[in-house]
Amino acid sequence: MWRPCGVFDETYEKDMAIVRTPLRWAALLASLLALGILPQVASYHLISFVNNVAITVILVLGLQVVSGYCGQISFGQAAFMAVGAYCSAILTEKMGISFWLAMPVAGIFTGIFGLVGGAPSLRIKGFYLAIATIAVHFVTMWLILHLEITEGSRGLTVKPPQLWSVSLDTDERMYYVIIPVMLLMTYGAKNITRTRVGRAFVAIRDNDLAAQVMGINLFYYKLLAFFISCFYAGIAGALWAHLNLVVHFEQFTLLHALWYVGMLIVGGMGSIPGVFFGVILIKLLDELVMVVSPILAAWFPWLGTAPAAGLGVTAFGAVLAFFLIKEPRGLAHRWEIIKASIRLYPFAH
Amino acid sequence: MRRALVCGFCFLWVTFILALKPLEGQAKEVTWVELADLTGPVAGLDVPGTMGLEDYFKDLNGRGGVEGVKVKFVCVDTRYDVARALSAFKRYRRDEEVLAMGIVSTPLGKMLKEILGKEKMVITCPGDGEFQAHIGNFFTWGPTYQDAFAAVLDWILEDWRKKGQPGKPKVTLLAWDTPYGKEPLRGGKEYAERIGIELLTPEFFPMGTPKHDVYLSRIEASGANYVYVAAVDPIPTNIMRDASAMGLTKKIQFVSDYWGPTALGVGTHPEAVEGMVMVSFFLRGDEAQNHPLTKRIWTTYRKEPPEKMNEMYGTGLVWGMNFEAALKDAIKRVGKEKLTREAIYESYERLTGMSREGITGPCAYSKTSRRGSQQVRFYRCVKGKLVPITDWVTAPDAVSLHKW
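Note that the protein sequences, when read in sequence, are chains A and B. Taking our numbering, the leading residue of the first sequence gets -17, the next gets one more, and so forth. Taking our numbering, the leading residue of the second sequence gets 12, the next gets one more, and so forth.
Only chain B is shown next, with the shape it has when bound in the complex (with noise of 0.2 angstroms):
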């Protein structure tokens, strides 16, 4: 037994010391770190988009980097978990060759807000509408959440239009019981009743449920036409699979928010997903897996057919683009050997317009800006596939409807 606990405690001794050892022999490096969730809840969203984020590192420092910096990824597993985050966001903070983190969880987001004060270091996150109510450091994937549910809104009536129903569609939120599931509200409500639309009490579940008939059996009780849902994918799947079974799919239209079904996802549950309607502000299905960009990272590093991508993957490009294209700004603009954080920072704010080769919008940050792009579009599941259903569209404002 004592022999066991003394060779256990060399080798974690051994471990430590070589992994305290540095790298020997690198060009100037700057570094990414990557606070992610891969065995957590939102991983279903969080992992393919790390993976991209690593590839496309990966693919820039082969092309030599930029103008010879070469970018170090480093990803930590936060399981969603907002102590381990924190401590983990704790051991970089002070690092000065991390340049820029990503994030992946409202709560952690709150708290580094908190945390960093008037410290500047670019934070990338999700959709919370807040980062853009409040300017600061967390710079959104896309449009914030309210402001792709204020463009479901508009496609909802465009829809109701379409179809020639009189009056006004009544619309119902179906979300996690968590400040993502409720932020598509918090301005989107506001939004709502600009245009006339009937919001009903909408209803929110724990994450982790397996079952949502009870929700959907009140929703059906309410008289909603639409349902707008608010979960990462698998969960709209699940609650797809449940409404199927239910037979509410075919009286009550269902949308996704933009972590709604991925292509996978579509194609494990074809007849239960049909017909559902999802807003995204990056490319799916086909369109995203055969997007040369894409389709040619992917095959490279993943050395996989791109039926196999997630469609998240080419978000994860997104992200490497716009830190390729701030480093080169802060580059010319400060040199390289006066990189800092402060400098990646305000490159950030200079991206406006930036193009992503069309896997998503053009880039929307600027000085008053935190949104990734403003532009989304809307697919819909057809025989197990995401086809397009309309171009690009700018989703509204609906944060500035809220009072923050």
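Bound-form chain A, shown alone (with noise of 0.2 angstroms):
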């Protein structure tokens, strides 16, 4: 997977390539073949995971270039999500508008939307910022619930969407759709960070007065960044109404904002491979507790529904609290310095 010691990039081209050796060129290609034939080979329940694993990934990638790159922490990306979803819907079924045009059009509309969420970071930072994105997070659900187009709290019937003839309208259909998208998103993030406006959001991040003196206009990558995360989270909306056939605003609490953020702090802020860390293994966590805990009520009939109830927000808070205090750089990292003491294996620097 990784290059031995003692190999170098002999021209520009192989330097910024992101597939770097023929052994990882074979890996990817194995994997995407391994993905492709999923559906055929895994379970129902298994595709639904993978489903919003990966729609839980583009959100989060979003997030990434918002706060892991750029600096600005967000707790708005569950309302993000929700424009994006809502405005999809809207799109499809109100106004008739194929999917295939209305995911891309939710996706730039929630990145305009974003900006006004966004603005408020160009004079406060830190926990304030903060602050303001989860008022933003309850004035997107207000004006959901009180809209007349989003129907207010009734929500939204979405129909699955169609590829000429074929509807798709179960998971494993869904899952053709989802996976490339992701895989599309994931290079586009991954690109985004390696270019000037990547350098820009770190410088930012690092030192914002610094960038500022350096020549890097801050209010236009603050919004910016904000744009390119609610571009995301409206991707990511809109898969998410057209696998589940229903946009409603209870789907999208602040609740889950809080478990994003977490999946960044779990995966490594600033890295791309750590949002797939950080929401694989939260959302392992959580499939994980839904498995055990009928098996331990079953074990100890005497716990009763006491594992359904607690075993939940207690590992999710245990698994933050010990990355916090033991990884505070995530999973990434952890997953640098593996790949660095294989490459200079025997030596250990």
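Just so you know, these hints were derived from the structure itself, not from any lab. In this text, a Cβ means the ideal position worked out from N, Cα and C, and glycines have one as well. Any given hint might turn out to be false.
Stated by the list, open to error - Which stretches of chain B does chain A cover? Using the computed rule of at least three CB atoms under 8 angstroms from a CB of chain A, they are:
hint, segment
1, 48 to 58
2, 98 to 112
3, 189 to 196
To be verified - Some, not all, of what chain B presents toward chain A, calculated at C-beta under 7 angstroms:
hint, residue
4, V85
5, D88
6, E125
Now that you have both chains on their own, put them together as the hints suggest.
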């Protein structure tokens, strides 16, 4: 997977390549093949789980751009996802636009909406910005609840997307939409972070005053980070809406926004693989709790529903606390260390 | 650090493997999955209900099950999180041993309705009238929210006349700003028009609102005579606390829907809730705590005195009774080996008139009804106790008045 110690890039193209060795190419192709045949061999539950993970990955990638790379803490991601979901639902159901057009439009609309949410970042930062984004969450939810077009508390029913004559009405079929979109979005995020824009984000995160002195336009780049982040959330929302066929404001709570930030902390801020690590670990933990709690209840009947009630939030809290104390740079950092130690083997450094 | 990570990973892996290990040496089992909110906003009603259901199945299995078929109870805490509940639903959706499910979230119900389509599976849920209007997989626990509201409007009219007041009373709704909070109006509004009651502008407030003074002030200014409160306990108790502090409980009659204060809540704020009236489709207060069946099962499995029992526990027992009766019917019709979700679904539609030992009114499920029962009873909070003020009455059908 990794380059052996002592192998160097000889051209600029090689240096810039994302996939840099034949072994990596092989691993990538094998992974794509495995992803392609997964619905044929895996259970319905596993596919629905993968879909859920993939949508969350898209969402958290957006959060990674704005928080992990640009350093702007946001608790508004669940609300932005809601905007994308509603936008896509309205475009397809009320205006008769195809899902394939509605999805990018929802992303762009959410991006523009996010500019409003991100505007406070020009004047405030840190905890203050976090609180401002929480306010954005509540304002968004209030709007959804009270606007006529969103049908208030009734929510919107969505039809499954059509691909020619095929209705993508099952998890297995939607998988073939969600996974390519996730891969595309991952590729996009990876590239953004390697460009001039990405470097500007990192400079702002590390020291915004110094970045400004260097000539980086804070106004432009902070808003751009919010736009990109919300674009991702919008795409995730559109996919969520058309996978689950109903959009309702109670699907996007502040608690979800906290979970997304938690996933970022566990995975590692400022790392694209970290998003995958964080999302997969937290989602797996959630599934594990779901599997384990009935078993515990069956083995220890005196516990009753206690494992089901207590285990989920406790596990999440414990994992988060563990990472904040023991591994504040997240699983991505550990992954880098493991990669380096294998690359340098048998030498320690 | 690395050692800690490796140990943690090993622990998770071993737990996962253990979790996958099948339970051996068991008789024929069917499964009920309860997607409950045990730690979220409606935990106040769902925790005791789930406890009741769990204990009923323990009792049923202790009696040998239904003709040897035992019921496995699986409970998942959804935390009122739709995504998590959906994930849990998908985990069990194609498990053939799962014959029925229970849920507690209106948005989840809407979502599952779309996902299930024409697939037949019994899903029990609270009182959303939509599920009665569009007959399908969802069987409500009692009368719908609008039916209960219509029954309250009848009671209000009678109370107004009894007090010798002229004209018609002014009524308003004070409810959560959620689908559940707004549900009474879908049909209830039409019923109010039909019987000539003026419904004032409703007041909706977000879940988690700590103080309700603003809404109560507006209600006072509107000149309402009666306020119908639709929120899950302890919120109605909190509302009464605020109303009592503002002196409104002496001027306005507060009436709660069936998720209003339980005996435990009434005992906590006896002065504040004094005089509040409540419509209920299940026994409350002493009646519930001293009911022979609830008392026996509660004291056997919870080993606590009956006074500590939340009345929703009895509703959980009723969910269990329904399932037992449906299972019995299905086994009789198709046999033990051919038990399917469809058979259970059809059996639920045949439970019409089934008695629940008086914990609720008789079952109203049929091919054309998804109502758990159509009977309600009124209670009043008096000196820290819930006292019945009417016998069981049949709630009007408000669902059919609404244009769905």
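### Message
Hint compliance check: list the failing hint numbers for this structure, sorted ascending.
### Response
none
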